[in-house]
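2 protein chains.
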Amino acid sequence: MADALPASPLALPLPELPPVAGVRFATAEAGIRYRGRTDVLLVEFAPGTAVAGVFTRNKCPGAPVSWCRNILPGGVARGLLVNAGNANVFNGVAGEAAVRASADAAGRVLGCPPEQIFLASTGVIGAPMPGGKIVAVMDDLASRLAPDGWEAASRAIMTTDTFPKAATRTARIGGTAVRISGFAKGSGMIAPDMATMLAFIVTDAAVPASVLQTMLRQGIEPSFNCITVDSDTSTSDTVLLFATGQADNSPVTDARGLAGFRRALGEVLHDLALMVVRDGEGANKLMEIAVTGAVSARSARRIGLAIANSPLVKTAVAGEDANWGRIVMAVGKAGEPAERDRLAVAVGGVWMARDGKIVDGYDETPVAAHMRGREIRITVDLGLGRGRAIVWGCDLTHGYIDINGSYRS
Amino acid sequence: MADALPASPLALPLPELPPVAGVRFATAEAGIRYRGRTDVLLVEFAPGTAVAGVFTRNKCPGAPVSWCRNILPGGVARGLLVNAGNANVFNGVAGEAAVRASADAAGRVLGCPPEQIFLASTGVIGAPMPGGKIVAVMDDLASRLAPDGWEAASRAIMTTDTFPKAATRTARIGGTAVRISGFAKGSGMIAPDMATMLAFIVTDAAVPASVLQTMLRQGIEPSFNCITVDSDTSTSDTVLLFATGQADNSPVTDARGLAGFRRALGEVLHDLALMVVRDGEGANKLMEIAVTGAVSARSARRIGLAIANSPLVKTAVAGEDANWGRIVMAVGKAGEPAERDRLAVAVGGVWMARDGKIVDGYDETPVAAHMRGREIRITVDLGLGRGRAIVWGCDLTHGYIDINGSYRS
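Read top to bottom, the protein sequences are chains A and B. Just remember that this note's numbering sits 794 ahead of the position in the first sequence, which is counted from 1. Just remember that this note's numbering sits 794 ahead of the position in the second sequence, which is counted from 1.
These are calculated hints, taken from the structure and not from any lab test. Small disclaimer: the values here were computed from a predicted structure and weren't measured. Be aware that one or more of the hints could be misleading.
Identical chains share a label here; the pair holds if one copy fits it or two copies do between them.
Below, computed lysine to aspartate or glutamate pairings styled on DMTMM-like, alpha-carbon distance capped at 25 angstroms [claimed, not checked]: (1) K1151 - D942; (2) K1151 - E890; (3) K1151 - D898; (4) K1151 - E1082; (5) K1151 - D1135; (6) K1151 - E1114; (7) K1151 - E945.
Generate coordinates for the entire structure from the input sequences, incorporating the hints supplied.
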């Protein structure tokens, strides 16, 4: 296992996170893989908590993802149980048994059916999941549940993330103030396994599960579905949104009156997603790629992700090289409509190329200065339509190779 | 510009390449970008030479690619003009003018219409193309055309390839022996620009252009379309096949009687494609990924390329880590039908995982030994159908970052 990594140069401080009514936390050291740190998190939700979720599209998902998918239609959550160190992926029937045992144990201590316990695991793939170690700490966890615990929760789910990730906002539903807080883990590594992205958001608002689900699905599109670290899709990606209803806001039956809530949720998702990129493996620079003038928003996003995932663009950014030729290449390889002679490319707000060729009298000086910063802005205009998107990624550095190329030990 | 790189540890020696009847070469130092080396190649073909070609699918292709696409339907080639150092991409009207001037000049010295001159350029993108420098050496090139010149030709088109790439085979058409020889350049780099893959194959066989085109299109599927270095598609990728007809074989009107020719052509394409991978930027290890049991050959290839392009698989191979969890992840992210519980993964011929979980009593020792070698064999069986494919890639190393992250200087 690798030593702890130094904090990402793109790290952000943890914000102040007040308690959310109807939510209690406890963490424990179960010793699943790590030693001397917490690795299990139990979150209790008040009765009546509604839940929404979105999961990895990887065709080989972990057992916890399959479990959550199965119970999500119930729309009710009483607990969330997360462990770090073992992803419980590719473990066959034994993996499913570990999931069942964990949900049973958590349901027992929280007094609910196991089908109201949501599960997520992150860590090594294909290693047998020591579900017994989680079950063994369950009574202890239940005895220590407390409403303050955001930082501890954020830390317990880290693998080799270099900083804990959380965000919070308030909104109003009718005349009632509600809070939305979330935490996430990102693209740290556990030698030798892949990154897993997990995010959990809770609110004290009373919002039915069906409305939550719609808002979450829409909310992840411009946030978690617009980020990339290395183009590899984890088998465990999970975003869950829980609404305890303790804020006693006026009844909600559909999305009407939820504009403020939707906006605040979107901001929390955005903040968490960007923290995941900021902690991308080996990342030294954050890339924001704005694509305009595409034939559709979907096309714009695909082009943006082609740029953000291009190893040649990512290494150029790492090398502080405003290499618009590679950006043009990435646009062209995206498989989306593009016309060379309408294409324009800007870096740091300076247009370098327009109408398919370099701008007359182009001065690289301000662009080179921008490239030396931490946050690199790339803009591409296709000149074809009104589709636009913004995606975020990070550079590709020696740190990525170091983290992911080190042999298991 | 970077200094010359040491030869790839995966380099192969240049084979003996006898002359091909109807083909003459000349190279020159035009000083387009490099100093002290050849950078322009002129190839003359005998009258009556048929031609076939396939080109990049990048939507922002270079001007020479557009030129070749336009003249290819004529089916006749008298010349091939290639330069290294400037890709003539994203140069607008000026780029097209440079193409026209080069084709005019070559047509003049070879005594043919410019529409019988095929062009390819590789190097920096977006830099104005100094077409005049190519025109200036044309008379000199024409005066030195000679049938021996494979190695010189292979070297003149290198950018920062670390070794010249060529392959040759013989076949019989009817009772007549014919030869097929080709050369290629691959994924070297010119700081700061992307790799370009060019390959040119010539034969003395008499085969009509339409038949050649079909055979080339089929031939690149299991060769050039099954390799990847870094998932980035060049704006200049070009494969051209010329048939001089000097072998005087019996007349060919369709693919009947060409089984041997097709096989030999396939072998030349295969050899060249693998040399490109062997010279992948920073490559230390060649990956051969065999996918079986997919729902179709197309699906198998996509899954293979998802594995070959996965940064996490590539860094694991670089780190000599038989990380089948990452292989499973890459299968799952490919977007193709896959069932976790039918999946099997082998490395170096040793099955590590079957039926969605690790093989009982799996012994990593022989696999670890295999991973320390230069050529890494990965096998994935989907257990779903009869679709199969083999793809090739290379590992992702610090060398890749060094090559592509270095700032222009």
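Report task. Tell me, in ascending order, the numbers of any earlier hints that this structure violates. Result -> Those not satisfied are hints 1 and 7.
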